[in-house]
Amino acid sequence: MMRKPLLWLPMVLGLGLFVLFYLGLENPGQRIINSNVIGRELPEFSTQVAVEGVEPVSSENLRDGNPRLVNVFASWCAPCIQEIPVLLRLRAQGIEIDGIAVHDRPADISRFLAENGNPYRRIGLDNEGRSQLEIGSSGVPETFVIDREGRIVYQHIGIVTEQDIPEILARLGGTG
Amino acid sequence: MIAEAGLAALWLAAALTIAQLALGVLGLRRAGEGLAEAIIPVSVLQALLVTFSFVCLVTLFMRSDMSVLLVAANSHSAKPMIYKFAGTWGNHEGSMLLWVTILSIAGATIAAFERKLRTDTKVATLAAQAAIALGFYGFLLLSSNPFERIENVIEGAGLNPLLQDPGLAFHPPTLYAGYVGMSAAFSFAVGALVTRDVGPEFARAMRPWILASWIFLTIGIVAGSYWAYYTLGWGGWWFWDPVENASLMPWLATTALLHSVTVLATRDGLRAWTIMLAVLAFSMSMVGTFLVRSGILTSVHSFAVDPERGVFILGLLVFYICGALALFALRIGTVREGSRFDLVSRESALVMNNLLLTVILVVVLCGTLYPLALELANGEKISVGAPYFNAVAGPLAVILMLILAAGPLLRWRTDSTKKLVDRIALALVSGAGAALLLAVFAGDLGILPYLGLVVAAVVGVASVAPLWKRNLRRTPLFTWGMVIAHLGCAVSIVGMASESAFTQENLVAMEIGETQRIHDFEVTLEDVREAPGPNYAALEAVAVVRREGAEPLRMVPQLHQFSDPVMQTNQAAIETYWNGQLYIVVGDRSIGNRFLMRLWWKPWVTLIWIGGLMIALGGLLALLGRVRRDIVSRKPAAPELKGAPA
Amino acid sequence: MMRRLLLAIFLLTAAPLAAQDYAHEALADPAQEAAAIELMDSLRCVVCQGQPISGSNADIAGDMRRIVRERIAAGETPEQVREWLITRYGDFVSFKPVVKPATWGLWLVPLAALLLGLVLVSRRVRLRRN
Numbered sequence: 021m022m023r024k025p026l027l028w029l030p031m032v033l034g035l036g037l038f039v040l041f042y043l044g045l046e047n048p049g050q051r052i053i054n055s056n057v058i059g060r061e062l063p064e065f066s067t068q069v070a071v072e073g074v075e076p077v078s079s080e081n082l083r084d085g086n087p088r089l090v091n092v093f094a095s096w097c098a099p100c101i102q103e104i105p106v107l108l109r110l111r112a113q114g115i116e117i118d119g120i121a122v123h124d125r126p127a128d129i130s131r132f133l134a135e136n137g138n139p140y141r142r143i144g145l146d147n148e149g150r151s152q153l154e155i156g157s158s159g160v161p162e163t164f165v166i167d168r169e170g171r172i173v174y175q176h177i178g179i180v181t182e183q184d185i186p187e188i189l190a191r192l193g194g195t196g
Numbered sequence: 003m004i005a006e007a008g009l010a011a012l013w014l015a016a017a018l019t020i021a022q023l024a025l026g027v028l029g030l031r032r033a034g035e036g037l038a039e040a041i042i043p044v045s046v047l048q049a050l051l052v053t054f055s056f057v058c059l060v061t062l063f064m065r066s067d068m069s070v071l072l073v074a075a076n077s078h079s080a081k082p083m084i085y086k087f088a089g090t091w092g093n094h095e096g097s098m099l100l101w102v103t104i105l106s107i108a109g110a111t112i113a114a115f116e117r118k119l120r121t122d123t124k125v126a127t128l129a130a131q132a133a134i135a136l137g138f139y140g141f142l143l144l145s146s147n148p149f150e151r152i153e154n155v156i157e158g159a160g161l162n163p164l165l166q167d168p169g170l171a172f173h174p175p176t177l178y179a180g181y182v183g184m185s186a187a188f189s190f191a192v193g194a195l196v197t198r199d200v201g202p203e204f205a206r207a208m209r210p211w212i213l214a215s216w217i218f219l220t221i222g223i224v225a226g227s228y229w230a231y232y233t234l235g236w237g238g239w240w241f242w243d244p245v246e247n248a249s250l251m252p253w254l255a256t257t258a259l260l261h262s263v264t265v266l267a268t269r270d271g272l273r274a275w276t277i278m279l280a281v282l283a284f285s286m287s288m289v290g291t292f293l294v295r296s297g298i299l300t301s302v303h304s305f306a307v308d309p310e311r312g313v314f315i316l317g318l319l320v321f322y323i324c325g326a327l328a329l330f331a332l333r334i335g336t337v338r339e340g341s342r343f344d345l346v347s348r349e350s351a352l353v354m355n356n357l358l359l360t361v362i363l364v365v366v367l368c369g370t371l372y373p374l375a376l377e378l379a380n381g382e383k384i385s386v387g388a389p390y391f392n393a394v395a396g397p398l399a400v401i402l403m404l405i406l407a408a409g410p411l412l413r414w415r416t417d418s419t420k421k422l423v424d425r426i427a428l429a430l431v432s433g434a435g436a437a438l439l440l441a442v443f444a445g446d447l448g449i450l451p452y453l454g455l456v457v458a459a460v461v462g463v464a465s466v467a468p469l470w471k472r473n474l475r476r477t478p479l480f481t482w483g484m485v486i487a488h489l490g491c492a493v494s495i496v497g498m499a500s501e502s503a504f505t506q507e508n509l510v511a512m513e514i515g516e517t518q519r520i521h522d523f524e525v526t527l528e529d530v531r532e533a534p535g536p537n538y539a540a541l542e543a544v545a546v547v548r549r550e551g552a553e554p555l556r557m558v559p560q561l562h563q564f565s566d567p568v569m570q571t572n573q574a575a576i577e578t579y580w581n582g583q584l585y586i587v588v589g590d591r592s593i594g595n596r597f598l599m600r601l602w603w604k605p606w607v608t609l610i611w612i613g614g615l616m617i618a619l620g621g622l623l624a625l626l627g628r629v630r631r632d633i634v635s636r637k638p639a640a641p642e643l644k645g646a647p648a
Numbered sequence: 146m147m148r149r150l151l152l153a154i155f156l157l158t159a160a161p162l163a164a165q166d167y168a169h170e171a172l173a174d175p176a177q178e179a180a181a182i183e184l185m186d187s188l189r190c191v192v193c194q195g196q197p198i199s200g201s202n203a204d205i206a207g208d209m210r211r212i213v214r215e216r217i218a219a220g221e222t223p224e225q226v227r228e229w230l231i232t233r234y235g236d237f238v239s240f241k242p243v244v245k246p247a248t249w250g251l252w253l254v255p256l257a258a259l260l261l262g263l264v265l266v267s268r269r270v271r272l273r274r275n
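Residue numbers (the numbering used here), protein chains in the order written: chain A, 21 to 196; chain B, 3 to 648; chain C, 146 to 275.
Extracted from the complex, chain A is given alone in its bound form (with noise of 0.2 Å):
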């Protein structure tokens, strides 16, 4: 038996195949995607007048020096209405927020804010998903936590329920 150890080699890359497999069944991959640009540069993006009278939101606007929450949403995003509530209630914290609205219409953007609330203080408006390619964005709610300069140090996949506040809020925090 040891004299032949290479005998026993398909044994042990079977067993291997089968430990990975386990562990894969045990850990199922996460099925988002998480932007590559947090903690980098943020690159130069703009996006379109989505209200009339409320600035849209910029890379050059996010650098002013103040942290905050981007939050990428869609009148039509069924999700995003859930988390406003949420959005509201750390805007009366204090906490800014901007908004990037991707492949909608201002006429919608505005009902969708009068039907559930507005909790941005800039809105922008992406039809062609530019600012959300720009910052490694890939579907709708999604929200960041940006720094003073501008930075994105955190990414929030999917809605923003009441759990998620302290992390978000620790985020913040961290950057100073």
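Simulated from the structure, these hints should not be mistaken for laboratory data. Check each hint, because a few of them may be wrong.
Unchecked claim - Okay, the calculated beta carbon distance ranges per label pair:
1. A/Thr181 with B/Pro554: 50 to 60 Å
2. A/Asp128 with B/Gly594: 44 to 54 Å
3. B/Gly515 with A/Ile185: 51 to 61 Å
As the list claims (entries may be wrong) - Covered stretches of chain A, going by a simulated chain B footprint (3 or more residues, C-beta under 8 Å):
4. 28-38
5. 41-48
Yeah, the Cβ is synthetic: ideal placement off N, Cα and C, and Gly gets one too.
Based on these hints, arrange chains B and C on the given structure of chain A.
The following block gives chains B and C in isolation, referenced to the frame of chain A:
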């Protein structure tokens, strides 16, 4: 009543399987006590019972007996009969029952008809079959009873809309038949290891099972590829998606096994390697099933995914495969090496064929699982797709094809290089001619398509060379099979290479009434309208295609939008010509008053699947040829066979 | 009702402004378009995941195609565009694996298998000649 009868038959079959296993083990220990002989009727009876059980389930589905949970959850009384029938295996429990039914029928066939094997090897083989079946019986009876009743009779939930496609309804049974054939080969290998009886008789007994399994696997891949081509709507026929790879891996292993078993049967060589490949091929079919069912890899093909059952399948995998590999390590040292051969010989070509197929298998396996392994190791997410597989497996496949061209022209045991060159000269000349013509006239096609077309020219000529100067009427059927299968490889490669090199695409937004050109067709968009479907909303475009010297033709691509689950499928409109296909897809939106259309001209694309079917046909001819020769050669030696059931 | 709604959605998601929309329409230069298509076939749609962006109907896949065509038209090489997307979404977005120490195994494992096989075969062939 039917459900209860089915369940009872299933329990009985499981009990008989235990008896089958016990008789096998005891029979081998105490030879000559008549225990071993009893295994044959037990195997047959077991198969009859489980078949009865499966027929019960089919009946329940066809009668839409909604008091059975499985039927209620997966069928609907208003469905067409064909989908009620196919619905039997369109779910987890039913597909497991089908699996074990095919497995048991295979076991019974071995028990009743196999006469080449030594008795003890046959008994060990049947015991191994019983061990495999037992795992599936245990799973069915203990955790996924297909006959479970429900209290409140309701209307059924229906079948996944995607599965309501005639091609897809019969795709799973085809693959299962292939996988189960591999389990038979696996059982033969385990049996031969147990009794240390690895030789030509063993190889000849195993070969028909490998061939049959290989035919089904080939058809499964060809059909799956064409289905993806016409329903995913991006014009691709192979994407190197994990689910596709899962079906390719057992095929590669089985193809290698098919060739190595020929060496074992003819020259008594490659003993250990053939055993190894039999285990590998079965492992890959199980691994494939596991990968598809467990959902641990990201795939475009949506299937019912069930992680808990994945753990169970995994447990079975570890038990069977690691057990067999341990047996291999312990026993194979005592199996003598087998006959010798020269560097230039048919054995040598077949060994290289095996080596390359195995390395391609390693490439596919490694590329498919690497992202999973890396993510588990350090959380990094990567993708491995077509660019990797084409670049790494492509050149290996080109070399493999050259060996394929030479192999059948070599003599067994020893041959001379000079004679080989004489025999293959014409093929090489035609390859050189193709290389020259393409370089001069075809422009830049990309390196792999270019090599593919050249190699196809070589293989195309070389593959029919074994028929030269032969009396065609006396050429054995299995030689015809080999020639047709090898020619099929060349045909398929021509299709693949020209699809990738010469496809023309016109991606446009068209107004109603607008005309666009693609290849030598003029396509006019006449209308875009709603087309109500039974369980989906659909948009269809009416395009009129004109071509010089031909009647105008209407083509109607559709876009289907399902609401439960939310998904879109593109039904491409495809028109087949002798030299290619016109492929039209309608997009899901408009730009202003212009509608998105994708028009493709895909020259020779059909050759991909025609070649694939030729490969399967070659396998079928080889199988018929082998079986016929077995029967002919058996008759004088075993006259008592006349009374046996045929 | 449902059907009407869906058709409305099909038709109204239109971006009425753009004359030429590179999310859905080809580049004028066939060579550039071919390069763009080849690249798009090897980029993963970030929402549908299993599909390449060339075959996906998702909005964001269209956005990615637009970026790819624009950058190719502006003279960038396909690999530069791939790099642009990887910078934003990580290696997962590219079906062509990035060569780096963590991915060397993709090439080393098959190479090891090939070498092991050749050693086994050559040892046997030499034996046969004795």
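Hint check results:
Evaluation of the 50 to 60 Å hint for A/Thr181 and B/Pro554 yields a pass: the beta carbon distance comes to about 58 Å. The hinted range of 44 to 54 Å is not satisfied by A/Asp128 and B/Gly594, whose Cβ atoms lie roughly 19 Å apart. Hint check: B/Gly515 to A/Ile185, Cβ distance near 56 Å, so the stated range 51 to 61 Å holds. Under the rule that three or more residues need a Cβ within less than 8 Å of chain B, the assignment of the stretch 28-38 of chain A holds, with 7 such residues.
Evaluation of the coverage hint for the stretch 41-48 of chain A: fulfilled, as 7 residues show C-beta separations to chain B shorter than 8 Å, against a requirement of three.
Checked against the numbered hints given earlier, the structure breaks only hint 2 and satisfies all the rest.
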